[in-house]
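Peer 1: Residue numbers (this note's numbering): 409 to 719.
Calculated directly from the structure, the hints in this document are not laboratory data.
Take the hints with a grain of salt, since some may be wrong.
Just the calculated beta-carbon pair ranges, DEER-fashion [to be verified]:
1) ALA690 - GLU512: 33 to 41 Å
2) THR539 - HIS469: 32 to 40 Å
3) ASP523 - PRO455: 15 to 23 Å
4) THR539 - GLY516: 14 to 22 Å
5) GLY584 - VAL681: 28 to 36 Å
6) ARG667 - GLY584: 19 to 27 Å
7) PRO455 - PRO423: 14 to 22 Å
Nothing here was measured: the structure is a model prediction, and the numbers come from that model.
Note that CB positions come from ideal geometry on N, CA and C, so glycine has one too.
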Amino acid sequence: MAADPVPTEAPAAEPFRCATAARRREDPLAATATPARRWLLVEHPGPWPFNAFASDAIEPHVLAELAAAIRPARSRLLMIRRPGRQVVGAERRWAVLDTEPGREQVWGTWRDSADLRDAAAIVGEPLPEATGPTPTTLLVCTHGRHDVCCAVRGRPVAAALAERWPEETWECSHIGGDRFAANVIVLPGGTTYGNLDADNAVDIVSSHLTGAVVPAYLRGVASAPPYGQAAVIAAYERYGPLPAEAVRFVDGRQVGEGRWIADLEVGQAGRAVAHVVAEVEASERPPTLLTCAAHMETSARAYTVTRMGEA
Numbered sequence: 409m410a411a412d413p414v415p416t417e418a419p420a421a422e423p424f425r426c427a428t429a430a431r432r433r434e435d436p437l438a439a440t441a442t443p444a445r446r447w448l449l450v451e452h453p454g455p456w457p458f459n460a461f462a463s464d465a466i467e468p469h470v471l472a473e474l475a476a477a478i479r480p481a482r483s484r485l486l487m488i489r490r491p492g493r494q495v496v497g498a499e500r501r502w503a504v505l506d507t508e509p510g511r512e513q514v515w516g517t518w519r520d521s522a523d524l525r526d527a528a529a530i531v532g533e534p535l536p537e538a539t540g541p542t543p544t545t546l547l548v549c550t551h552g553r554h555d556v557c558c559a560v561r562g563r564p565v566a567a568a569l570a571e572r573w574p575e576e577t578w579e580c581s582h583i584g585g586d587r588f589a590a591n592v593i594v595l596p597g598g599t600t601y602g603n604l605d606a607d608n609a610v611d612i613v614s615s616h617l618t619g620a621v622v623p624a625y626l627r628g629v630a631s632a633p634p635y636g637q638a639a640v641i642a643a644y645e646r647y648g649p650l651p652a653e654a655v656r657f658v659d660g661r662q663v664g665e666g667r668w669i670a671d672l673e674v675g676q677a678g679r680a681v682a683h684v685v686a687e688v689e690a691s692e693r694p695p696t697l698l699t700c701a702a703h704m705e706t707s708a709r710a711y712t713v714t715r716m717g718e719a
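Build the full structure now, drawing on both the sequences and the hints.
Peer 2: Structure below.
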């Protein structure tokens with residue numbers, strides 16, 4: 409008599425991860441960087457809640473002062489921390505950095521919230537021109553309580569970059585585009601890369617820092633609106649390899665529903681600057697879950713350069 413079959417457990421369903429799903433869909437990276445003219449960075453080891461600035465790290469009245477200061481300055485406020493083990497009780501740093509290269513960076517320290525009033529006073533003021541090379545800052549989003557993918561994919565990238573550039577590398581709070589984790593912002597310039605991992609991040613950032621932007625992983629530049637970011641990336645693809653800041657968004661205008669003209673300058677040392685004009689169109693992608701915590705499907709816009717030429 410045959411024995412009864414032994415029941416087997418069904419394999420556990422793979423948890424939904426927005427970055428994995430986005431790579432399978434081949435979601436376009438272009439034109440997804442967060443626009444910002446200036447960055448206010450505040451060091452705090454965390455843990456960061458979903459809204460990193462809703463924690464008890466900063467007194468509410470000081471946070472209100474910081475928020476009021478950054479709005480007119482078109483700035484972005486981010487929590488930062490060093491990758492790896494955090495030292496509790498250590499003096500923390502803050503910084504005001506411009507997206508535009510060639511501006512002085514202002515760094516300070518804080519122990520209690522009142523010390524951050526210095527940062528609030530500076531963030532709305534023009535920063536002087538730099539008298540020497542502007543130091544590089546690398547920001548890697550690892551904000552796991554905002555999105556699991558940011559932690560799972562971001563922390564290995566932060567560790568890899570910190571091993572190569574220990575002084576320049578910081579983990580940071582949410583910068584948008586969770587589904588493109590791991591995300592890295594290079595300052596100054598505000599160049600944003602996505603879909604990085606521990607195997608490729610050092611090579612991509614090294615290429616960027618030594619004079620060759622890698623368009624395949626570019627999300628955009630903070631100095632341009634989304635349609636301008638699409639045009640900038642297309643110019644890097646056409647005219648590259650080029651160093652960071654060799655392609656600059658100058659101006660743009662809307663010429664129809666979902667259609668824009670972007671004016672760019674393209675050039676590098678030893679080569680005359682070219683005035684490039686790009687036509688950009690936006691389209692809606694099929695609705696889908698764009699973050700790990702999403703409860704409903706949402707459409708994302710895709711930007712396509714339909715025409716580009718020198719004026």
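Peer 1: Give a verdict on every hint.
Peer 2: Hint by hint, here is what the structure shows:
Checked against the hint of 33 to 41 Å, the C-beta distance between ALA690 and GLU512 comes to roughly 36 Å, which is consistent with it. The hinted window of 32 to 40 Å between THR539 and HIS469 holds, with their beta carbons roughly 36 Å apart. The hinted window of 15 to 23 Å between ASP523 and PRO455 holds, with their beta carbons roughly 22 Å apart. The given range of 14 to 22 Å is respected by THR539 and GLY516, whose C-beta atoms sit roughly 19 Å from each other.
Under the hint 28 to 36 Å, the C-beta atoms of GLY584 and VAL681, about 31 Å apart, fit the expected range. A beta carbon spacing of about 24 Å between ARG667 and GLY584 agrees with the range 19 to 27 Å that was offered as a hint. Distance hint check: the CB atoms of PRO455 and PRO423 are about 21 Å apart, consistent with the given range 14 to 22 Å.
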